[in-house]
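Q: Spelled out, the chains give:
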Amino acid sequence: MTKIRFSRRNVLKASTAIAAGAVVARIGAPVRPAQAQARTVVAEPITPALIEAAKKEGKLAFYTAMDLPVAEKFAKAFEAKFPGIGVRVERSGAERVFQRIGQEMDSRIYAVDVVNSADGAHFIVWKRNNWLAPYLPEEVARHYPAHYYDPDGLWVTTRVWLSSLGYNTNLVKAEEAPRSFADLLDPKWMGKMVKGHPAYSGTIMNATFQIVRELGWPYLEKLAKQRVMQVQSSTDPPKKLALGERAVMADGNDYNLIQLKEAGQPVEVVYPAEGTPLVTGPSAVFKSAPNPNAARLFQNWLHTLEAQQLLVDFARQHSVHALVKEKPGARKLDEIKLWKDDPVGVEKASEEIKTRYAQIFRV
Amino acid sequence: MTIALPALGVPRKHKIDLSWPILILFAAVLCVLIILPMSWLFYYSLVDRSGAFTLGNFETLFTDPVFVQPLITTLILATSSSIICCAFAAPMGWLVARTDIPLRRTVRALVTASFVTPPFLGAIAWELLAAPNSGLLNKIYRAVTGAPQDEYLFNIYSLPGLIFVISCYTFPYVFVLLANALDRIPGDLEDASSILGGRTWTTARRVTIPLALPALLAGALVAFLQAMTLFGSPAILAIPAGFHTMTTKIWSLFNYPPKPELAAAASVPLLVLTVVLLRAENLILGRRGYSVVGGKQGDPRLIRLGALKWAALAFVFVILTCPVFFPYGALLNATFSRVATSFVTFDNFTLHNIHFVFFELSATKLAVKNTFLLGVASATIGTLMALVIAYLTTRRAIRGYRALGFLATAPVAIPGIVLGVGLFLSYARPPLVLYGTLWILLLAFVTIALPAAYQQLQSAFRSVHTDLEDASRILGSTRLRTLRDITAPLLRTSVIATWCFIFVGVIRELSAAIMLFTSETKVISVLIFDLNESGDLGAISVLGLIMLAITFAVVIAVNRIPGFGDARLRNA
Numbered sequence: 000m001t002k003i004r005f006s007r008r009n010v011l012k013a014s015t016a017i018a019a020g021a022v023v024a025r026i027g028a029p030v031r032p033a034q035a036q037a038r039t040v041v042a043e044p045i046t047p048a049l050i051e052a053a054k055k056e057g058k059l060a061f062y063t064a065m066d067l068p069v070a071e072k073f074a075k076a077f078e079a080k081f082p083g084i085g086v087r088v089e090r091s092g093a094e095r096v097f098q099r100i101g102q103e104m105d106s107r108i109y110a111v112d113v114v115n116s117a118d119g120a121h122f123i124v125w126k127r128n129n130w131l132a133p134y135l136p137e138e139v140a141r142h143y144p145a146h147y148y149d150p151d152g153l154w155v156t157t158r159v160w161l162s163s164l165g166y167n168t169n170l171v172k173a174e175e176a177p178r179s180f181a182d183l184l185d186p187k188w189m190g191k192m193v194k195g196h197p198a199y200s201g202t203i204m205n206a207t208f209q210i211v212r213e214l215g216w217p218y219l220e221k222l223a224k225q226r227v228m229q230v231q232s233s234t235d236p237p238k239k240l241a242l243g244e245r246a247v248m249a250d251g252n253d254y255n256l257i258q259l260k261e262a263g264q265p266v267e268v269v270y271p272a273e274g275t276p277l278v279t280g281p282s283a284v285f286k287s288a289p290n291p292n293a294a295r296l297f298q299n300w301l302h303t304l305e306a307q308q309l310l311v312d313f314a315r316q317h318s319v320h321a322l323v324k325e326k327p328g329a330r331k332l333d334e335i336k337l338w339k340d341d342p343v344g345v346e347k348a349s350e351e352i353k354t355r356y357a358q359i360f361r362v
Numbered sequence: 000m001t002i003a004l005p006a007l008g009v010p011r012k013h014k015i016d017l018s019w020p021i022l023i024l025f026a027a028v029l030c031v032l033i034i035l036p037m038s039w040l041f042y043y044s045l046v047d048r049s050g051a052f053t054l055g056n057f058e059t060l061f062t063d064p065v066f067v068q069p070l071i072t073t074l075i076l077a078t079s080s081s082i083i084c085c086a087f088a089a090p091m092g093w094l095v096a097r098t099d100i101p102l103r104r105t106v107r108a109l110v111t112a113s114f115v116t117p118p119f120l121g122a123i124a125w126e127l128l129a130a131p132n133s134g135l136l137n138k139i140y141r142a143v144t145g146a147p148q149d150e151y152l153f154n155i156y157s158l159p160g161l162i163f164v165i166s167c168y169t170f171p172y173v174f175v176l177l178a179n180a181l182d183r184i185p186g187d188l189e190d191a192s193s194i195l196g197g198r199t200w201t202t203a204r205r206v207t208i209p210l211a212l213p214a215l216l217a218g219a220l221v222a223f224l225q226a227m228t229l230f231g232s233p234a235i236l237a238i239p240a241g242f243h244t245m246t247t248k249i250w251s252l253f254n255y256p257p258k259p260e261l262a263a264a265a266s267v268p269l270l271v272l273t274v275v276l277l278r279a280e281n282l283i284l285g286r287r288g289y290s291v292v293g294g295k296q297g298d299p300r301l302i303r304l305g306a307l308k309w310a311a312l313a314f315v316f317v318i319l320t321c322p323v324f325f326p327y328g329a330l331l332n333a334t335f336s337r338v339a340t341s342f343v344t345f346d347n348f349t350l351h352n353i354h355f356v357f358f359e360l361s362a363t364k365l366a367v368k369n370t371f372l373l374g375v376a377s378a379t380i381g382t383l384m385a386l387v388i389a390y391l392t393t394r395r396a397i398r399g400y401r402a403l404g405f406l407a408t409a410p411v412a413i414p415g416i417v418l419g420v421g422l423f424l425s426y427a428r429p430p431l432v433l434y435g436t437l438w439i440l441l442l443a444f445v446t447i448a449l450p451a452a453y454q455q456l457q458s459a460f461r462s463v464h465t466d467l468e469d470a471s472r473i474l475g476s477t478r479l480r481t482l483r484d485i486t487a488p489l490l491r492t493s494v495i496a497t498w499c500f501i502f503v504g505v506i507r508e509l510s511a512a513i514m515l516f517t518s519e520t521k522v523i524s525v526l527i528f529d530l531n532e533s534g535d536l537g538a539i540s541v542l543g544l545i546m547l548a549i550t551f552a553v554v555i556a557v558n559r560i561p562g563f564g565d566a567r568l569r570n571a
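Residue numbers (numbering that gives the first Met the number 0), protein chains in the order written: chain R, 0 to 362; chain F, 0 to 571.
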């Protein structure tokens with residue numbers, strides 16, 4: 000794991016500008032070919048035999064942290080493509096998914112087939128526990144930059160998105176909207192903000208890690224004094240914004256905001272001036288999967304061009320599949336000043352972040 | 000009573016005395032249900048992570064502000080809710096039971112509706128209504144007064160907001176306890192007072208109210224315990240407001256990395272407080288009991304309110320808007336609206352939420368099935384157990400009946416979340432791994448329901464005065480025949496009521512389920528809770544209404560079972 004992340008960092012260094020301490024990652028930038036890294040696992044296509052075996056199992060459990068309607072959209076698209084295999088989506092915040100899987104595995108309950116998390120750090124732990132099955136889908140080997148999947152095929156980065164700021168356009172005029180994290184500390188936003196919680200949401204855990212790395216804990220201590228409404232999942236702040244329950248979102252998924260905006264809701268995304276936390280969501284097949292073939296078929300399909308295009312077009316997230324076309328007019332990642340994600344760092348810091356966060360925000 | 004004792008005169012040398020095996024069987028079952036999880040709970044609270052003995056967990060609990068604050072909050076919450084419940088339920092119960100207020104049946108039915116509403120669903124509905132900025136009531140307030148956008152009338156995300164919502168769904172307990180007690184006070188006593196010259200109000204003050212006081216005290220206690228041990232409402236309203244109660248704190252201790260030792264230690268104060276309060280109630284009330292359904296009975300007399308009765312009716316309906324009319328209106332509105340907190344209009348009317356829940360949400364089917372199965376199984380098993388135990392104890396049919404009665408009542412002292420923690424600690428490891436199956440949820444639900452079911456059937460047995468059974472025995476019937484011809488018909492209503500009570504309890508249950516579910520044993524309450532985490536309010540509204548429809552359908556169906564007669568859902 001460390002090895003990949005190192006190689007990834009090298010890639011990033013090669014193609015990014017380092018300015019004022021903030022590392023800017025360019026996801027959309029040209030990437031090195033996959034051969035840069037030694038693979039130990041054979042890439043597998045979707046074969047009729049796999050489909051047949053999967054149909055015999057007839058179902059699979061997909062644990063995920065992505066927004067529920069998005070997850071169900073993938074499930075339904077898969078079911079339409081492979082009739083006779085039902086996908087049961089088990090959605091909650093990534094940190095709860097992680098806790099749930101840990102609790103189930105400890106009790107020798109093998110229920111999870113495929114997992115898609117919002118916190119790359121979890122895959123470090125699961126890999127260490129030897130819980131993941133090696134499985135490398137063919138299109139991943141062919142079209143994914145090598146640092147976006149495990150050399151042993153234990154996980155693949157399914158999606159990339161950002162934890163942004165945002166505001167309700169009915170409640171805040173564009174020219175008065177916050178532009179940066181620093182703006183959120185303005186007393187005029189007292190009692191008007193909403194944010195997610197790092198003990199429930201993987202997105203927020205990663206965002207909090209990056210915020211602490213770039214701005215330090217004092218920023219969060221000041222933010223906590225602003226009487227921020229505390230919700231759990233990173234999918235909730237955008238929805239609270241759309242309801243008009245709060246005017247400004249201090250963190251949360253940018254993709255939900257984009258979806259809501261496109262549906263005509265009065266919301267706007269803001270990518271903060273200091274940099275925007277970047278989140279990657281890998282997927283993996285569990286070794287103990289009760290439906291091993293259906294699990295592999297789903298994992299394979301989830302990373303095909305078809306599913307990845309759905310990710311971009313419907314789910315409004317970013318794909319690392321080389322052939323996926325950006326939606327016309329959509330903001331490209333390389334136009335946004337990004338902070339670098341660091342699952343290794345998150346894995347080490349997560350307990351401290353949860354404890355300290357609970358002290359500062361009291362929940 | 001003495002006439003019918005079976006031991007007299009009839010030598011039973013050829014019959015095996017079944018009382019010991021029965022006692023041992025039931026006692027063993029009850030021990031597994033109660034003593035095992037509680038032992039694990041205490042064990043865990045007294046060890047550190049390596050398994051060595053320590054008092055460190057309790058030290059953390061009582062010194063770390065992260066725990067002390069929730070403890071204080073919980074006490075404030077429980078006390079206030081209890082007072083509010085009594086303040087509103089008592090006059091209402093009295094009006095419905097003892098005055099000629101119109102629409103009494105309707106009022107009781109509406110109280111039942113608020114009773115079957117799960118508190119977490121009520122909390123979400125009140126989010127829709129009284130969230131400071133998006134809440135429907137606040138929107139109306141701003142529209143009417145022209146107040147600026149950031150002004151609001153109600154803020155549900157606050158301690159008073161939480162107290163209000165908890166009271167809304169706890170007051171039915173107090174109401175039902177009190178109204179039933181008032182129903183049972185025979186008219187003879189009041190007649191006696193009137194004959195001796197007492198006016199209406201003197202009679203009420205000197206006869207009726209003193210007789211109802213024990214029920215009020217019991218109601219206050221139940222409300223306190225309910226408010227203290229609820230999990231759903233605080234999780235939904237307190238966390239956004241930035242504070243924890245004990246139950247949400249215990250729950251958060253299972254976040255990764257889980258701290259079961261601390262969770263166990265944090266459960267102990269809830270447990271101890273419950274036991275102490277129940278003991279106190281016992282001391283205050285002593286061993287008072289009334290046999291009021293005997294062979295002879297006077298109907299209660301209703302006080303004539305005259306013109307005041309319309310004012311009284313208005314008062315009752317204003318109270319009922321809070322737990323029933325407003326929340327269900329809000330849920331219905333959210334079901335058909337594109338934006339959960341916008342009023343439905345032609346423009347934003349949608350069937351998307353219904354479509355989503357029925358055709359896209361893949362967890363719906365499983366959760367509905369699990370909930371239904373668990374509801375029926377827990378209600379049936381719980382009622383049967385309570386029936387047997389209640390019979391054995393009220394008729395003193397076996398030796399050791401007191402121990403049995405005590406064991407059956409003991410779980411009342413165990414809050415749902417504490418039981419959940421205890422059961423998880425007991426059955427998530429070999430030799431008996433029940434975690435991950437529906438069995439562990441069944442255990443939890445039966446245990447939680449048992450005390451109320453037992454109390455209910457015990458009082459039913461008691462209220463069937465032994466006069467009636469004795470008469471049957473004197474006329475030559477056997478004990479079994481007496482049971483079949485006399486006792487069973489008289490108990491039918493109570494048995495059905497108990498069954499429905501447990502069923503509704505299972506549907507409402509979240510605090511134990513949240514500790515014990517796995518992805519395959521999810522119930523609707525947990526599903527709703529998960530949906531709330533990601534803010535999918537439209538889907539919650541649909542599921543909530545489905546849940547309610549199931550509850551009412553089952554309750555009505557059970558009441559219509561041929562030969563079972565008609566019973567209202569009421570819990571004594």
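Derived by calculation from the structure, the hints in this document are not laboratory data. Please note that a few of the clues may not be correct.
Dumping the calculated DSS-like pairs for lysine-lysine here, alpha-carbon to alpha-carbon at most 27 angstroms [stated by the list, open to error]:
no., chain 1, residue 1, chain 2, residue 2
1, R, 286, R, 55
2, F, 364, R, 260
3, R, 260, R, 172
4, F, 138, R, 187
5, R, 72, R, 286
6, R, 336, R, 126
7, F, 364, R, 58
8, R, 126, R, 286
9, R, 72, F, 258
10, R, 339, R, 172
11, R, 221, R, 75
12, R, 80, R, 324
13, R, 55, F, 258
14, R, 347, F, 258
15, F, 364, R, 54
16, F, 138, R, 126
17, R, 80, F, 138
18, R, 54, F, 368
19, R, 187, R, 260
20, F, 138, R, 55
21, F, 364, R, 72
22, F, 258, R, 172
23, R, 224, R, 187
24, R, 58, R, 126
25, F, 138, R, 75
26, R, 260, R, 347
27, R, 260, R, 324
28, R, 347, R, 326
29, R, 126, R, 172
30, R, 339, R, 221
31, R, 331, R, 347
32, R, 221, R, 336
33, R, 326, R, 260
34, F, 258, R, 75
35, R, 58, F, 368
36, R, 75, R, 58
37, R, 339, R, 126
Keep in mind it's a predicted model, so treat the numbers as computed, not measured.
Q: Next pair to validate is residue 80 (chain R) with residue 138 (chain F); report whether the Cα-Cα distance is within 27 angstroms.
A: Violated. Residue 80 (chain R) to residue 138 (chain F) sits at ~45 angstroms, over the 27 angstroms cutoff.
Q: Would you mind confirming whether the straight-line C-alpha gap from residue 58 (chain R) to residue 126 (chain R) stays at or under 27 angstroms?
A: holds, 25 angstroms
Q: Hey, residue 138 (chain F) versus residue 75 (chain R), does the alpha-carbon distance stay inside 27 angstroms?
A: Given pair residue 138 (chain F), residue 75 (chain R) is violated - Cα atoms ~37 angstroms apart, limit 27 angstroms.
Q: Under the criterion that the straight-line Cα-Cα distance not exceed 27 angstroms, is the pair residue 364 (chain F), residue 260 (chain R) satisfied?
A: It is violated: about 31 angstroms lies between the C-alpha atoms, which goes past 27 angstroms.
Q: Quick one, are residue 80 (chain R) and residue 324 (chain R) close enough, alpha carbons at most 27 angstroms?
A: Cα-Cα ~21 angstroms, so holds.
Q: Given the hint that residue 339 (chain R) pairs with residue 126 (chain R), does the C-alpha gap stay at or below 27 angstroms?
A: Holds: residue 339 (chain R) and residue 126 (chain R) sit about 22 angstroms apart, inside 27 angstroms.
Q: Can you confirm whether the C-alpha distance between residue 258 (chain F) and residue 172 (chain R) stays at or below 27 angstroms?
A: At roughly 46 angstroms apart (the allowed maximum being 27 angstroms), residue 172 (chain R) and residue 258 (chain F) break the hint.
Q: Would the hint linking residue 126 (chain R) and residue 286 (chain R) be met if the CA-CA limit is 27 angstroms?
A: holds, 10 angstroms
Q: Verify the proposed pairing of residue 347 (chain R) with residue 258 (chain F), using a straight-line Cα cut of 27 angstroms.
A: holds, 18 angstroms
Q: Taking 27 angstroms as the top limit, are the C-alpha atoms of residue 221 (chain R) and residue 336 (chain R) close enough?
A: Judged against 27 angstroms, a Cα distance of about 23 angstroms means the pair holds.
Q: For the pair supplied as a hint, residue 126 (chain R) and residue 172 (chain R), confirm whether the alpha-carbon distance does not exceed 27 angstroms.
A: The hint is violated at about 47 angstroms.
Q: Against the 27 angstroms threshold, does the CA-CA distance of residue 187 (chain R) and residue 260 (chain R) hold or violate the hint?
A: Holds, at roughly 24 angstroms.
Violated hints, in rising order: 2, 6, 9, 10, 11, 13, 16, 17, 20, 22, 25, 26, 28, 29, 31 and 34; the structure is consistent with all others.
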